[in-house]
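Use these hints to put chain E onto chain Z, whose structure you have.
Number of protein chains: 2
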Amino acid sequence: MILYDYWRSSAAYRVRIALALKGLVVERRFVHLRDGAQKTPAYRRKNPQQLVPALELDDGSVLTQSLAIIDYVDAIHPDPRLAPSDALLAARARAVALAIACDIHPLANLRVADFMRDELKLDEDRIAGWRRHWIASGLEAIEATIEPAPFCFGSAPTIADICLAPQVFSAERFGVPLEPFPKIRSVSAICAAHPAFVAAHPFKQPDAEATAPAP
Amino acid sequence: MILYDYWRSSAAYRVRIALALKGLVVERRFVHLRDGAQKTPAYRRKNPQQLVPALELDDGSVLTQSLAIIDYVDAIHPDPRLAPSDALLAARARAVALAIACDIHPLANLRVADFMRDELKLDEDRIAGWRRHWIASGLEAIEATIEPAPFCFGSAPTIADICLAPQVFSAERFGVPLEPFPKIRSVSAICAAHPAFVAAHPFKQPDAEATAPAP
Numbered sequence: 020m021i022l023y024d025y026w027r028s029s030a031a032y033r034v035r036i037a038l039a040l041k042g043l044v045v046e047r048r049f050v051h052l053r054d055g056a057q058k059t060p061a062y063r064r065k066n067p068q069q070l071v072p073a074l075e076l077d078d079g080s081v082l083t084q085s086l087a088i089i090d091y092v093d094a095i096h097p098d099p100r101l102a103p104s105d106a107l108l109a110a111r112a113r114a115v116a117l118a119i120a121c122d123i124h125p126l127a128n129l130r131v132a133d134f135m136r137d138e139l140k141l142d143e144d145r146i147a148g149w150r151r152h153w154i155a156s157g158l159e160a161i162e163a164t165i166e167p168a169p170f171c172f173g174s175a176p177t178i179a180d181i182c183l184a185p186q187v188f189s190a191e192r193f194g195v196p197l198e199p200f201p202k203i204r205s206v207s208a209i210c211a212a213h214p215a216f217v218a219a220h221p222f223k224q225p226d227a228e229a230t231a232p233a234p
Numbered sequence: 020m021i022l023y024d025y026w027r028s029s030a031a032y033r034v035r036i037a038l039a040l041k042g043l044v045v046e047r048r049f050v051h052l053r054d055g056a057q058k059t060p061a062y063r064r065k066n067p068q069q070l071v072p073a074l075e076l077d078d079g080s081v082l083t084q085s086l087a088i089i090d091y092v093d094a095i096h097p098d099p100r101l102a103p104s105d106a107l108l109a110a111r112a113r114a115v116a117l118a119i120a121c122d123i124h125p126l127a128n129l130r131v132a133d134f135m136r137d138e139l140k141l142d143e144d145r146i147a148g149w150r151r152h153w154i155a156s157g158l159e160a161i162e163a164t165i166e167p168a169p170f171c172f173g174s175a176p177t178i179a180d181i182c183l184a185p186q187v188f189s190a191e192r193f194g195v196p197l198e199p200f201p202k203i204r205s206v207s208a209i210c211a212a213h214p215a216f217v218a219a220h221p222f223k224q225p226d227a228e229a230t231a232p233a234p
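If you read the protein sequences in the order shown, they are chains Z and E. Numbers in this note's numbering are just positions in the first sequence, counted from 1, shifted up by 19. Numbers in this note's numbering are just positions in the second sequence, counted from 1, shifted up by 19.
Calculated directly from the structure, the hints in this document are not laboratory data. A hint or two may mislead.
Unchecked claim - List time: in silico DMTMM-like cross-link candidates among lysine to aspartate or glutamate, alpha-carbon distance up to 25 Å:
id, chain 1, residue 1, chain 2, residue 2
1, E, Lys140, Z, Asp142
2, Z, Lys65, Z, Asp77
3, Z, Lys140, E, Asp137
4, E, Lys58, Z, Glu75
5, Z, Lys140, E, Glu46
6, Z, Lys65, E, Glu162
7, E, Lys65, E, Glu46
8, E, Lys65, Z, Asp226
9, Z, Lys202, Z, Glu162
10, Z, Lys65, E, Asp105
11, Z, Lys58, Z, Asp226
12, Z, Lys65, E, Asp226
13, E, Lys140, Z, Asp144
14, E, Lys58, E, Asp77
15, E, Lys65, E, Asp93
16, E, Lys58, E, Glu143
17, E, Lys58, Z, Glu198
18, E, Lys65, E, Asp226
19, Z, Lys58, E, Glu166
20, Z, Lys223, Z, Glu191
To be verified - Facing chain Z, according to a computed beta carbon distance under 8 Å, are these residues of chain E, among others:
id, residue
21, Ala118
22, Phe134
23, Leu139
24, His220
All residues carry an ideal CB built from backbone N, CA and C; glycine is no exception.
Excised from the complex, chain Z in its bound form:
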């Protein structure tokens, strides 16, 4: 399998964590988002959405969307389970994952910031304010729904933690204060000590830039 990856992509980071939790090692190709490598015809044939991650299977099929990729990997390599087998617990974990993947991350990502700057002519302060607003209000709702034990939903990481750790990384990057969210900070600290989360961290990736321009 080949993972199309970018070190600072929150969605790619999720897939890296999931693969590491499963102990799966895949070939990786790096798609430099800031250089626009996702917009080349060759990559668009892989993923018409022009986003990372994408996972190319050995038969040439290409899977897209981080949560769909994670569900696929969870079905094919079910140990350890990333979506809880109990339907109600799975629904709660999925709700946290989706609250991040749908209602925080897409509002705060690179393509949206580019559109706000280039098309809406908004200055960097307003773009930063917009980003912090959606991240902070999104995390506030998540804080109200998790009961760390010590991961979001029990003693092992699930898709909720897999989405939360990259979102916390992004919140810190964009200067969102995390003091109001003690439960999220507690989960984040546990994740930060877990080998799979450590291995998947943006700063540990081969394509990471030492001095990354903001944002």
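Relative to the frame of chain Z, chain E by itself:
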């Protein structure tokens, strides 16, 4: 079960379709989003995200996020399957569902338009242009990934169709031309003739407004 619903919410519309496909009838409570009913303390206790839909189970548990609710319903009432049982096909159907639920809908919904108007002081034309941009570019990517037969992924509706039909409704509402997307129009036409999709349509809901102000 109680569904917290709003006629014009694209996410609630998805859950209505899923419940109708399963033949499940639930009690419904209507949360008038334009009046701000989602922001009341009583509703925030149900869903801290202040979004619809939410599904309250008989034991009082409240599920949120349309795709998590649909996966739950699919697990508890597996006939007919809404996520294909084949892992690869499921991944492809989920990718379409998530491309809509993550990368189109959250950028074009009410709370985002409100923020752009009230906080960023953008005028209605620019908000409408923003919305059409994300809807059109999102649909363009989906057009490249589906092969209608006659639904997105075979002879029966899946989560892909469940997300696509409401997104097409929303595209039409916001004046996004659908001519460039013949495959999407073909799926949309098939869905429009399916009883479950008909029953779930916004205009058929008890809380629908005859003359809805835009948007």
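How the hints compare with the structure:
{"no.": "1", "hint": "E:Lys140 with Z:Asp142", "verdict": "holds, 13 Å"}
{"no.": "2", "hint": "Z:Lys65 with Z:Asp77", "verdict": "holds, 14 Å"}
{"no.": "3", "hint": "Z:Lys140 with E:Asp137", "verdict": "holds, 17 Å"}
{"no.": "4", "hint": "E:Lys58 with Z:Glu75", "verdict": "violated, 43 Å"}
{"no.": "5", "hint": "Z:Lys140 with E:Glu46", "verdict": "violated, 46 Å"}
{"no.": "6", "hint": "Z:Lys65 with E:Glu162", "verdict": "holds, 14 Å"}
{"no.": "7", "hint": "E:Lys65 with E:Glu46", "verdict": "holds, 15 Å"}
{"no.": "8", "hint": "E:Lys65 with Z:Asp226", "verdict": "violated, 43 Å"}
{"no.": "9", "hint": "Z:Lys202 with Z:Glu162", "verdict": "holds, 6 Å"}
{"no.": "10", "hint": "Z:Lys65 with E:Asp105", "verdict": "holds, 21 Å"}
{"no.": "11", "hint": "Z:Lys58 with Z:Asp226", "verdict": "holds, 18 Å"}
{"no.": "12", "hint": "Z:Lys65 with E:Asp226", "verdict": "violated, 43 Å"}
{"no.": "13", "hint": "E:Lys140 with Z:Asp144", "verdict": "holds, 14 Å"}
{"no.": "14", "hint": "E:Lys58 with E:Asp77", "verdict": "holds, 24 Å"}
{"no.": "15", "hint": "E:Lys65 with E:Asp93", "verdict": "holds, 22 Å"}
{"no.": "16", "hint": "E:Lys58 with E:Glu143", "verdict": "holds, 24 Å"}
{"no.": "17", "hint": "E:Lys58 with Z:Glu198", "verdict": "holds, 23 Å"}
{"no.": "18", "hint": "E:Lys65 with E:Asp226", "verdict": "holds, 20 Å"}
{"no.": "19", "hint": "Z:Lys58 with E:Glu166", "verdict": "holds, 23 Å"}
{"no.": "20", "hint": "Z:Lys223 with Z:Glu191", "verdict": "holds, 17 Å"}
{"no.": "21", "hint": "Ala118", "verdict": "holds, 6 Å"}
{"no.": "22", "hint": "Phe134", "verdict": "holds, 7 Å"}
{"no.": "23", "hint": "Leu139", "verdict": "holds, 6 Å"}
{"no.": "24", "hint": "His220", "verdict": "violated, 23 Å"}
Checked against the numbered hints above, the structure breaks hints 4, 5, 8, 12, 24 and satisfies the rest.
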